[in-house]
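Residue numbers (our numbering), protein chains in the order written: chain A, 1 to 106; chain B, 1001 to 1116.
Just so you know, not all the hints are guaranteed correct.
What the hints assert, rightly or not - Label pairs and their calculated CB-CB ranges:
| id | chain 1 | residue 1 | chain 2 | residue 2 | range |
| --- | --- | --- | --- | --- | --- |
| 1 | B | ASN1051 | A | PHE10 | 37 to 43 angstroms |
| 2 | A | GLU41 | B | ARG1041 | 26 to 32 angstroms |
| 3 | B | GLN1017 | A | GLY16 | 39 to 45 angstroms |
| 4 | A | GLY53 | B | SER1007 | 42 to 48 angstroms |
| 5 | B | VAL1012 | A | ILE13 | 46 to 52 angstroms |
| 6 | B | PRO1008 | A | ASN18 | 17 to 23 angstroms |
| 7 | B | GLU1014 | A | GLN14 | 24 to 30 angstroms |
| 8 | B | GLU1083 | A | ASN18 | 30 to 36 angstroms |
| 9 | B | VAL1012 | A | GLY53 | 37 to 43 angstroms |
| 10 | A | ASN24 | B | MET1015 | 35 to 41 angstroms |
| 11 | B | GLU1044 | A | GLY82 | 23 to 29 angstroms |
| 12 | A | GLY16 | B | GLU1044 | 42 to 48 angstroms |
| 13 | B | ALA1002 | A | PHE10 | 41 to 47 angstroms |
| 14 | A | GLU41 | B | LEU1116 | 44 to 50 angstroms |
Quick caveat, the hints were computed from the structure, so don't treat them as lab data. Think of the CB as a built atom: it goes at the ideal place given N, C-alpha and C, for glycine as much as any other residue.
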Amino acid sequence: TQLLEQSPQFLSIQEGENLTVYCNSSSVFSSLQWYRQEPGEGPVLLVTVVTGGEVKKLKRLTFQFGDARKDSSLHITAAQPGDTGLYLCAGARSTFGDGTTLTVKP
Amino acid sequence: DAGVIQSPRHEVTEMGQEVTLRCKPISGHNSLFWYRQTMMRGLELLIYFNNNVPIDDSGMPEDRFSAKMPNASFSTLKIQPSEPRDSAVYFCASSLRGSSGKNIQYFGAGTRLSVL
């Protein structure tokens, strides 16, 4: 089983700040997905990265896949309260990391 | 499309009782997944089906858990007998698994199970 470690586990910031969360593994990913889960809801897919070194942008969110395809990061610029949620990375065979719980205070 | 529909949204039961969770996947999807989410263990894959056939049930914790998919539009996850440690949020997800290998899963809103 491919283990995915996410950090930090919890993050609380003020509106307008920037942040980066990480997803790491000792194994190589064939692809990696990032999800956001809001309280009382199921996870929603944000992005899939496939190629080493790939960078994808989704408005204020920037996703980067490591060159060796063993790690990934999610950077949020000028965070807003609506970004609050649990951010999960997922690898092959539907293996999920433990997630980063982000709270953005107004 | 209404998305993946799970029922009930909340279930409270007593230890030893049978619990049945239900899922209606998105129409046209050929893969269905059952997950369990807890604070301690995060989101864990229990079982997934492809074209109504169970492919990988290695995540099913014990024989008390069973899942069925009698047709493409319905699946159940049953716990019998239930125990307090089964308390969790159970998610169902569906996807259209094609030759490209992409696996975009769409999750339901989950069933919050409390076993007293």
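Distance restraint hint 23 to 29 angstroms, applied to the beta-carbon atoms of GLU1044 of chain B and GLY82 of chain A: holds, 28 angstroms
ASN18 of chain A and PRO1008 of chain B - C-beta distance against the hinted 17 to 23 angstroms: The hint (17 to 23 angstroms, Cβ to Cβ) is violated, given that PRO1008 of chain B and ASN18 of chain A are roughly 41 angstroms apart.
Range hint 41 to 47 angstroms (beta carbons of ALA1002 of chain B and PHE10 of chain A) holds or violated: Roughly 33 angstroms apart at Cβ, these two residues miss the hinted range, so it is violated.
Status of the given 39 to 45 angstroms range, CB of GLY16 of chain A versus CB of GLN1017 of chain B: Violated, since GLN1017 of chain B and GLY16 of chain A (Cβ atoms, about 49 angstroms apart) do not stay within the stated range.
Distance restraint evaluation - ASN24 of chain A, MET1015 of chain B, Cβ atoms, bounds 35 to 41 angstroms: holds, 39 angstroms
Satisfaction of the hinted span 30 to 36 angstroms by the C-beta atoms belonging to GLU1083 of chain B and ASN18 of chain A: violated, 44 angstroms
Range hint 26 to 32 angstroms (beta carbons of GLU41 of chain A and ARG1041 of chain B) holds or violated: About 19 angstroms separates the Cβ atoms of GLU41 of chain A and ARG1041 of chain B, which means 26 to 32 angstroms is violated.
Range agreement (Cβ of SER1007 of chain B with Cβ of GLY53 of chain A, hint 42 to 48 angstroms): Roughly 43 angstroms apart at Cβ, these two residues keep to the hinted range, so it holds.
Status of the given 46 to 52 angstroms range, CB of ILE13 of chain A versus CB of VAL1012 of chain B: violated, 36 angstroms
37 to 43 angstroms as the expected CB spacing between GLY53 of chain A and VAL1012 of chain B, which holds or is violated: violated, 49 angstroms
Beta-carbon spacing of GLY16 of chain A to GLU1044 of chain B - inside the hinted bounds 42 to 48 angstroms or not: violated, 35 angstroms
Range hint compliance [Cβ, GLU1014 of chain B to GLN14 of chain A, 24 to 30 angstroms]: violated, 45 angstroms
Comparing the model with each earlier hint shows violations of hints 2, 3, 5, 6, 7, 8, 9, 12, 13 and 14; every other hint is respected.
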